[in-house]
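Heads up: the protein sequence lines correspond to chains B and Y, in order. Residue numbers for the first sequence, in the working numbering: 164 to 662. Residue numbers for the second sequence, in the working numbering: 164 to 662.
A portion of the hints provided could be inaccurate.
Put simply, identical chains are the same to the list, so a pair is met inside one copy or across any two.
Stated by the list, open to error - The list that follows gives simulated cross-link-like pairs (lysine-lysine, BS3-like), each with its CA atoms no further than 30 angstroms apart:
#1 K636 - K352
#2 K320 - K592
#3 K327 - K401
#4 K401 - K458
#5 K660 - K455
#6 K323 - K285
#7 K285 - K659
#8 K657 - K285
#9 K657 - K323
#10 K520 - K198
#11 K660 - K285
#12 K352 - K285
#13 K285 - K458
#14 K455 - K176
#15 K592 - K657
#16 K458 - K659
#17 K198 - K327
#18 K659 - K319
#19 K327 - K606
Hints in this document: simulated from the structure, not taken from any laboratory. Computed from a prediction, not measured in an experiment: that's the story for all the values here.
Protein chains: 2
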Amino acid sequence: MFESAEIGHAIDKETYDAEVPALREALLDAQFELKQQARFPVIVLINGVEGAGKGETIKLLNEWMDPRLIEVRTFDQQTDEELARPPAWRYWRHLPAKGRMGIFFGNWYSQMIQGRVHGHFKDAVLDQAINGAERLERMLCDEGALIFKFWFHLSKKQMKARLKLLEDDPLHSWRISPLDWQQSKTYDKFVRYGERVLRRTSHDYAPWHVIEGVDPHYRSLTVGRLLLDGLQAALANKRPPQGPLTIGPLPTNIDDLSLLNSLDMTQHLEKEDYEEQLITEQARLAGNVRDKRMKRHSLVAVFEGNDAAGKGGAIRRVAAALDPRQYNIVPIAAPTEDERAQPYLWRFWRHMPPRGKFTVFDRSWYGRVLVERVEGFCSPGDWLRAYSEINDFEEQLTDAGTVVVKFWLAIDEQTQLERFEAREQIPFKRFKITEDDWRNRQKWPDYRVAVGDMVDRTSTEIAPWTLVEANDKRWARVKVLRTINNALEAAFEKDKKSK
Amino acid sequence: MFESAEIGHAIDKETYDAEVPALREALLDAQFELKQQARFPVIVLINGVEGAGKGETIKLLNEWMDPRLIEVRTFDQQTDEELARPPAWRYWRHLPAKGRMGIFFGNWYSQMIQGRVHGHFKDAVLDQAINGAERLERMLCDEGALIFKFWFHLSKKQMKARLKLLEDDPLHSWRISPLDWQQSKTYDKFVRYGERVLRRTSHDYAPWHVIEGVDPHYRSLTVGRLLLDGLQAALANKRPPQGPLTIGPLPTNIDDLSLLNSLDMTQHLEKEDYEEQLITEQARLAGNVRDKRMKRHSLVAVFEGNDAAGKGGAIRRVAAALDPRQYNIVPIAAPTEDERAQPYLWRFWRHMPPRGKFTVFDRSWYGRVLVERVEGFCSPGDWLRAYSEINDFEEQLTDAGTVVVKFWLAIDEQTQLERFEAREQIPFKRFKITEDDWRNRQKWPDYRVAVGDMVDRTSTEIAPWTLVEANDKRWARVKVLRTINNALEAAFEKDKKSK
Numbered sequence: 164m165f166e167s168a169e170i171g172h173a174i175d176k177e178t179y180d181a182e183v184p185a186l187r188e189a190l191l192d193a194q195f196e197l198k199q200q201a202r203f204p205v206i207v208l209i210n211g212v213e214g215a216g217k218g219e220t221i222k223l224l225n226e227w228m229d230p231r232l233i234e235v236r237t238f239d240q241q242t243d244e245e246l247a248r249p250p251a252w253r254y255w256r257h258l259p260a261k262g263r264m265g266i267f268f269g270n271w272y273s274q275m276i277q278g279r280v281h282g283h284f285k286d287a288v289l290d291q292a293i294n295g296a297e298r299l300e301r302m303l304c305d306e307g308a309l310i311f312k313f314w315f316h317l318s319k320k321q322m323k324a325r326l327k328l329l330e331d332d333p334l335h336s337w338r339i340s341p342l343d344w345q346q347s348k349t350y351d352k353f354v355r356y357g358e359r360v361l362r363r364t365s366h367d368y369a370p371w372h373v374i375e376g377v378d379p380h381y382r383s384l385t386v387g388r389l390l391l392d393g394l395q396a397a398l399a400n401k402r403p404p405q406g407p408l409t410i411g412p413l414p415t416n417i418d419d420l421s422l423l424n425s426l427d428m429t430q431h432l433e434k435e436d437y438e439e440q441l442i443t444e445q446a447r448l449a450g451n452v453r454d455k456r457m458k459r460h461s462l463v464a465v466f467e468g469n470d471a472a473g474k475g476g477a478i479r480r481v482a483a484a485l486d487p488r489q490y491n492i493v494p495i496a497a498p499t500e501d502e503r504a505q506p507y508l509w510r511f512w513r514h515m516p517p518r519g520k521f522t523v524f525d526r527s528w529y530g531r532v533l534v535e536r537v538e539g540f541c542s543p544g545d546w547l548r549a550y551s552e553i554n555d556f557e558e559q560l561t562d563a564g565t566v567v568v569k570f571w572l573a574i575d576e577q578t579q580l581e582r583f584e585a586r587e588q589i590p591f592k593r594f595k596i597t598e599d600d601w602r603n604r605q606k607w608p609d610y611r612v613a614v615g616d617m618v619d620r621t622s623t624e625i626a627p628w629t630l631v632e633a634n635d636k637r638w639a640r641v642k643v644l645r646t647i648n649n650a651l652e653a654a655f656e657k658d659k660k661s662k
Numbered sequence: 164m165f166e167s168a169e170i171g172h173a174i175d176k177e178t179y180d181a182e183v184p185a186l187r188e189a190l191l192d193a194q195f196e197l198k199q200q201a202r203f204p205v206i207v208l209i210n211g212v213e214g215a216g217k218g219e220t221i222k223l224l225n226e227w228m229d230p231r232l233i234e235v236r237t238f239d240q241q242t243d244e245e246l247a248r249p250p251a252w253r254y255w256r257h258l259p260a261k262g263r264m265g266i267f268f269g270n271w272y273s274q275m276i277q278g279r280v281h282g283h284f285k286d287a288v289l290d291q292a293i294n295g296a297e298r299l300e301r302m303l304c305d306e307g308a309l310i311f312k313f314w315f316h317l318s319k320k321q322m323k324a325r326l327k328l329l330e331d332d333p334l335h336s337w338r339i340s341p342l343d344w345q346q347s348k349t350y351d352k353f354v355r356y357g358e359r360v361l362r363r364t365s366h367d368y369a370p371w372h373v374i375e376g377v378d379p380h381y382r383s384l385t386v387g388r389l390l391l392d393g394l395q396a397a398l399a400n401k402r403p404p405q406g407p408l409t410i411g412p413l414p415t416n417i418d419d420l421s422l423l424n425s426l427d428m429t430q431h432l433e434k435e436d437y438e439e440q441l442i443t444e445q446a447r448l449a450g451n452v453r454d455k456r457m458k459r460h461s462l463v464a465v466f467e468g469n470d471a472a473g474k475g476g477a478i479r480r481v482a483a484a485l486d487p488r489q490y491n492i493v494p495i496a497a498p499t500e501d502e503r504a505q506p507y508l509w510r511f512w513r514h515m516p517p518r519g520k521f522t523v524f525d526r527s528w529y530g531r532v533l534v535e536r537v538e539g540f541c542s543p544g545d546w547l548r549a550y551s552e553i554n555d556f557e558e559q560l561t562d563a564g565t566v567v568v569k570f571w572l573a574i575d576e577q578t579q580l581e582r583f584e585a586r587e588q589i590p591f592k593r594f595k596i597t598e599d600d601w602r603n604r605q606k607w608p609d610y611r612v613a614v615g616d617m618v619d620r621t622s623t624e625i626a627p628w629t630l631v632e633a634n635d636k637r638w639a640r641v642k643v644l645r646t647i648n649n650a651l652e653a654a655f656e657k658d659k660k661s662k
């Protein structure tokens, strides 16, 4: 969920200086239009890791926009008046009116995450709070509100560096964060529970936007652009007769950096190393799957990737380690008639392995947010809601002991071209290349965006994505096997701890 | 929530026999159309109290309709195959395909309610299960499914009589329910947790229908009609580009009996009794509000009722018992400009009393599902979602220690006419009667339906409605005061127990 916000996004000063004036003007225009229409309020929720620039960004927004139309609310300690009433009262009294913008810095999310981090309650109570937040936001959106939710993120390393920096800076040392942020355990918990909250509460009507907080130019421009795009879309849209205002997906990447192009595509293995490591990992997998602790688990491996990235070959290397009775390979192509008569997840549910077994999906439920999105086979509403449906689905699997591993096999365009051409030369591989493959290749940039969104929204602690640098097939195959082994052993280990 | 299903609904045999043939034919037609369109599946969830006719109704539906297009699934013990997979797998594998109907007898709701009744988990875990069910149903509806949820209800007395009857009947004694249903404690818990589940999971896209189960003719006809109306509406509607199929509200009352007309409107008090009881209750209220245990609570009293039902007079009798610093009376008329710029609940949140205080709402948030519904001031989608929004709102109040009492002051049409005419005669009361009042009177039947739906959907254990027979003002005033006192003392009592 936070992978894309740990790769060092940055915008240089020239670009920033060049872009800001137009952005400010457009934001002011949008704000004025918002006031004129007075059709809906805008609620901006600011959350995230300490030191990631939350306060600075709010300050900047007030500089950029007309502060008379913005209400910034900090919800720290409850006042006496607030303590005497239901907890939600403090939020209701500060809701912005139609035509205005309210920035809630410290809000219902901060309270539930802090409470869980400090052990004031367990997951079930956190889930109650999450559900309460969902109901509140759904109601606000049904009443017409436009909600932005920003999560400012830093990797642990980045956070520590940033806190150190602030500490050493006489201008900033007064605002040094509470002691407990210095402890890396707090960071881990905060991010873990934050992820649970984001996963559950990111909806098409009020999605989370995760912002990498290291570079001030990047984070400011990103937040500004998201606000602008969202405002403009909402101002242009009519409110539907029922249901929330819809503004569709907003682009989040404003620099050229993305998870996919931050991969080191030169990773490779020499033949000898490959053969040795492959055998080692295959033996390890055979052992893991036969392990008696496997009786409490099942294993689901999802293979997605560019065409010709080597999914088939990787799957064969996995299968080669196992007894055919232990696993099942499910190739996903166009749905059958029976499958079309059901919700899209049905065709995957029917193949879920029982405990002790292993199912490999060669392409998967992620088709919804990849090919169906890119080709327009379903509406934006459909694929937008799919992210949380898929997260729910995978949570049900992992809750029942299923270990879920998900691979995106990435190759670069040149490698794909070479492989396509090679396939056309080799008679027994010719069936593997079709007109469709050449056509899909034209949509490379669209898939790139779709893959980025997919990983950002569905790579979760319970079912993380593994991006596999697959220009070198050997490297890819070994990485796949090793990842599966690590995941299984981690699950076994966790069993031991929970005993 | 179950009040309307405990008043002895019944349909006589002649009416039943006369209506069934046409209903069956229409159901068969709808079923055929459903199959032809093959646009969406129909999922029917059957839940409720033991002995309330769940099994009989399913049997009957299979007789009435084409059983080849209906799949009845009983989810009792999980099979070995099911136990080896995530719990939801058993439901997914039995989902009906588009064009078909699946009747789920014993489903996700039965499991969560049973689990809570038998103490396998607490409320927080129940709420997690509730949230899981909501997400599942929302997803199914977003995918196009039409979901009916029937809760078959019996009052405790009715249930005991019914179980006895079955026991004595040699044809039925084999199917006598598990022992624990004989215990009245089980019934209480079942109904309490059932109510929590219904309150949370009744949505416009998949509402609950509570069916009184005593009279077989009544319950069969009601279920048949609801299915028919819902099916016909869904078959006629196009699926919206996004979001669930909407079919609007379905009428539930098929006999002439309703909560309102089951009231004994001849209730009255003689002057002497009235004066004595009024003073007693006023003194009791004064004491309760001054009680030190009141520091942990606040009190919210909602007054709704027919025009000229005597709300003002009743409120004055409540206020007369108290020091003006202790209470606040909020008359609700058309919203102000500030209020119109906010979600509809905002104007009520702003008047929430702090602990220790008492606020009287002379009309309230229920305007949304009364006048706004009847006059068309908001869309059906808006007032349909209001029921669960209001339940959420009141749950937040009661969770924070607020005691919520809600009164509907009911008079009959004749009494209203007399009072209107009297008001026009008395100079100092003439301001109380306007053209609007006469106009509202024309909509008496619409209000009747709206009040019935309101009570059915928002009378909850945490914030029950009290219907007040108000033809006699003395009776009404004393009943109001007594109800407030009982509610306060019950809350004090509960504090003691929870210590």
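Comparing the hints with the structure gives:
no.	hint	verdict
1	K636 - K352	neither (37 angstroms within a copy, 61 angstroms between copies)
2	K320 - K592	neither (46 angstroms within a copy, 75 angstroms between copies)
3	K327 - K401	neither (48 angstroms within a copy, 59 angstroms between copies)
4	K401 - K458	neither (54 angstroms within a copy, 47 angstroms between copies)
5	K660 - K455	within (16 angstroms within a copy, 48 angstroms between copies)
6	K323 - K285	within (27 angstroms within a copy, 40 angstroms between copies)
7	K285 - K659	both (21 angstroms within a copy, 26 angstroms between copies)
8	K657 - K285	both (18 angstroms within a copy, 25 angstroms between copies)
9	K657 - K323	within (28 angstroms within a copy, 49 angstroms between copies)
10	K520 - K198	neither (59 angstroms within a copy, 37 angstroms between copies)
11	K660 - K285	both (18 angstroms within a copy, 24 angstroms between copies)
12	K352 - K285	both (12 angstroms within a copy, 25 angstroms between copies)
13	K285 - K458	both (28 angstroms within a copy, 29 angstroms between copies)
14	K455 - K176	neither (58 angstroms within a copy, 64 angstroms between copies)
15	K592 - K657	neither (43 angstroms within a copy, 75 angstroms between copies)
16	K458 - K659	within (14 angstroms within a copy, 48 angstroms between copies)
17	K198 - K327	neither (42 angstroms within a copy, 67 angstroms between copies)
18	K659 - K319	within (27 angstroms within a copy, 47 angstroms between copies)
19	K327 - K606	neither (44 angstroms within a copy, 70 angstroms between copies)
When the structure is compared with the earlier hints, violations turn up for hints 1, 2, 3, 4, 10, 14, 15, 17 and 19 and for no others.
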